[in-house]
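S.K.: Just so you know, we're using my numbering here: the sequence shown kicks off at 760 and counts up by one.
Simulated from the structure, these hints should not be mistaken for lab results.
All C-beta atoms, glycine included, are put in the ideal place defined by N, C-alpha and C.
Don't take each hint at face value.
As the list claims (entries may be wrong) - Once the Cα atoms are required to be at most 16 Å apart in a straight line, the calculated EDC-like pairs of lysine to aspartate or glutamate come out as:
(1) K836 x E792
(2) K832 x E923
(3) K944 x D869
(4) K762 x D840
(5) K974 x E923
(6) K836 x E821
(7) K814 x D840
(8) K916 x E890
(9) K814 x E792
Said to hold, decoys possible - Label-pair distances were calculated between CB atoms; the ranges are:
(10) E781 x K887: 22 to 32 Å
(11) N785 x A983: 39 to 49 Å
(12) Y817 x M760: 14 to 24 Å
(13) T816 x N859: 38 to 48 Å
(14) N771 x Q835: 20 to 30 Å
(15) E890 x P822: 39 to 49 Å
(16) R975 x E781: 30 to 40 Å
(17) T816 x K979: 20 to 30 Å
(18) E980 x P895: 11 to 21 Å
(19) A983 x K891: 20 to 30 Å
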Amino acid sequence: MPKLSVITINFNNLFGLKKTIESVINQTFREFEYVIIDGGSTDGSRELIEANRDKITYWVSEPDGGIYNAMNKGTQKATGDFIIYMNSGDYFYDDNVLSNIIPFLNAENDIVYGDLVIVEPNRSWVKKYNEKLNFPYFIRDTLPHQGSFIRTSLLHKQQGPYDERLSICADWKFFIDAVCKLQVKTHYVDYPISYYDYSGLSSKIENREKLLHEKRQLLKEEYAAYYEPFLNMAEENKEMRRLLKSRIVKAYLKIRGLIE
760 MPKLSVITIN FNNLFGLKKT IESVINQTFR EFEYVIIDGG STDGSRELIE ANRDKITYWV
820 SEPDGGIYNA MNKGTQKATG DFIIYMNSGD YFYDDNVLSN IIPFLNAEND IVYGDLVIVE
880 PNRSWVKKYN EKLNFPYFIR DTLPHQGSFI RTSLLHKQQG PYDERLSICA DWKFFIDAVC
940 KLQVKTHYVD YPISYYDYSG LSSKIENREK LLHEKRQLLK EEYAAYYEPF LNMAEENKEM
1000 RRLLKSRIVK AYLKIRGLIE
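Start from the sequences and build out the full structure, keeping to the hints where you can.
M.R.: Take a look at the structure:
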C-alpha cells in the first residue's frame, strides 16, 4: 500500500484552516502523514495547529516567500509516495475520499485526479475535468492541486518543484510540464475529490490579467513550437466562424445543400 502525504498551506486564514484540518483528520483511511506549512499567521492559526498537533506529522509557522515557496517547503518535508495539496479553505468531498482513491495510487499512475466542487458565495457546482490531457487542454485549463494526487518522485524531478519566480500559475506550469514534456501517466477518476474555495489568489478577478500574462509568457518561452501554430489555428477558426455568420456564405451553403 502506498504512503500518502497531505500538505496544507496557510496564512492568516483561521476559518478556512479549521475546515481543512477537520476534513483531513476525519478521513476513514488513516495511513497518511499530515504536513502543515503556515506562513507565520497572527490570527490564531498557529494556536489551532498546536491544538491538533497530535494528528499532524510535521508543522511549522514562520514567514515564507509566498504560496509556492510554502508548497515547496511542504514537498521537501513529505515522505509519502504520493502528495495532495489541500490548502486552507479547501476540504475533502466526504470522509471516504482517501479510502476510495488509494487503489488508484499504484505503479501504473503518476498523477491521479478527479473533479472539484466549486464553492462560490451564492452557489456550488461540480467542475468536471478531461480524461484526455494534451497541450490544447492546458491552453485553456489546468488540473486542480486540491483534486490531484501526485507521485512524490515526479515532484522532486521538477525544479522546486514549483517555480517560485511565478506568482500565480506555478501549479499550472508543473502540470503542463509533467504531461506535455515528461509525458507522465495520468488517471482520471469520475467523482469529486474536494470542495474548492473560489476566493483563492488565482480566482480573484483582479488577478486574472496577471494569470493570463504569466501563462502566455511561459508558453512563448518554453512551448513556442506548439503555441505559435496553435495561435495561428485559433485565428483561422475565428475567421471561419466569422465567415459562416455571413449571409452570403450561408446562402451559398444552403444552395449547395451543406446546411439547412
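S.K.: Enumerate the violated hints, using their earlier numbering and listing them in ascending order.
M.R.: Those not satisfied are hints 7, 8, 13 and 17.
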